[in-house]
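Asks: In order, the protein sequences belong to chains A and B.
Under our numbering, read the first sequence as residues 1 to 113, first letter to last.
Under our numbering, read the second sequence as residues 1 to 109, first letter to last.
If you are wondering where the hints come from, they were derived from the structure by calculation, not from laboratory data.
Among these hints, one or two may not hold up.
Claimed, not checked - Sample of chain A residues at the chain B side, in silico, Cβ under 8 Å:
hint : residue
1    : S40
2    : Q41
3    : P43
4    : L46
5    : G82
6    : L98
7    : A99
8    : T101
9    : F104
10   : P106
11   : G107
These figures come from a predicted structure and were not determined experimentally.
Using N, Cα and C, we set each Cβ at its ideal position, and we do this for glycine too.
The lines below spell out each chain.
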Amino acid sequence: DAMVIQNPRYQVTQFGKPVTLSCSQTLNHNVMYWYQQKSSQAPKLLFHYYDKDFNNEADTPDNFQSRRPNTSFCFLDIRSPGLGDAAMYLCATSRKGLADTQYFGPGTRLTVL
Amino acid sequence: SQKIEQNSEALNIQEGKTATLTCNYTNYSPAYLQWYRQDPGRGPVFLLLIRENEKEKRKERLKVTFDTTLKQSLFHITASQPADSATYLCALGNTPLVFGKGTRLSVIA
């Protein structure tokens, strides 16, 4: 089945220790997104790739970076995680446009000790 | 400022009744609106999309309405079941999509 896969599902890191979350998709979609979601809150868009074009949301901290080496893979790097970065990180894709239906992965739950 | 509000954080309903969830927005003019279901610890799953020129959309036990004058969408689940218990998010068809916080629905047997 075509899908969006996120690894790992659970990630524990230490305060200030860099961490990378990964996302892959078999849908061959053009657009890939990274969201941060905290408990009982809306998913907050961090950035998205429209094909190879990277778009950062204005309020995304510099601590968060992303890479998309090819159509299928996208990575979220958190350079120096703080306690406030503990959250669920969701990867999503959409076929063509930014307002298209989004297909989400299962998420990675990040804990910062 | 732009705002999306989903009626309440939590809604409890008896099995078999119709659940109605509300999504209100201000200072947006979306061409369409989407509804997603999110289970605990999982990513959202797309349910329905309704365009601004459509009054109503149905899929099995789900019905969505979209009133661009009132700036409101209603999401109905008829004959609700405990398996419908989840958080339901509305998302405005902006570029990119803008999500609401969601309403946590609990269907009690």
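Asks: Should the interface hint for A/F104 be scored as holding, given a Cβ-Cβ cut-off of 8 Å against chain B?
Replies: 3 Å, holds
Asks: Under 8 Å is the threshold here; is the Cβ of A/P106 close enough to any Cβ of chain B for the hint to stand?
Replies: Where the cut-off is 8 Å and the nearest Cβ of chain B is about 5 Å from A/P106, the hint holds.
Asks: Would you check whether A/L98 satisfies its interface hint, that is, whether its CB is within less than 8 Å of any CB in chain B?
Replies: Constraint on A/L98 satisfied, holds at 4 Å.
Asks: Under the criterion of a CB-CB separation shorter than 8 Å, is A/P43 in contact with chain B as hinted?
Replies: 5 Å, holds
Asks: Are A/L46 and chain B close enough, Cβ to Cβ, to be under 8 Å, as the hint says?
Replies: 11 Å, violated
Asks: Quick check on the hint: A/G107 CB to chain B CB, less than 8 Å?
Replies: At 5 Å from the nearest chain B Cβ, A/G107 passes the 8 Å test, so the hint holds.
Asks: So, as I understand it, the hint says A/S40 touches chain B; can you test that by seeing if any CB pair is closer than 8 Å?
Replies: A/S40 check passes; min Cβ-Cβ to chain B is 7 Å, inside 8 Å.
Asks: Can A/T101 be said to touch chain B, with a Cβ gap under 8 Å?
Replies: OK, holds: A/T101 within 8 Å of chain B, min 5 Å.
Asks: Quick check on A/Q41 please, does its C-beta sit within 8 Å of some C-beta on chain B?
Replies: 6 Å, holds
Asks: A closest beta-carbon separation below 8 Å is what the hint needs, so does A/G82 meet it against chain B?
Replies: 22 Å, violated
Asks: Measuring from the C-beta of A/A99 to each C-beta in chain B, is the shortest one below 8 Å?
Replies: 5 Å, holds
Of the hints listed earlier, those the structure fails to meet are numbers 4 and 5, in rising order.
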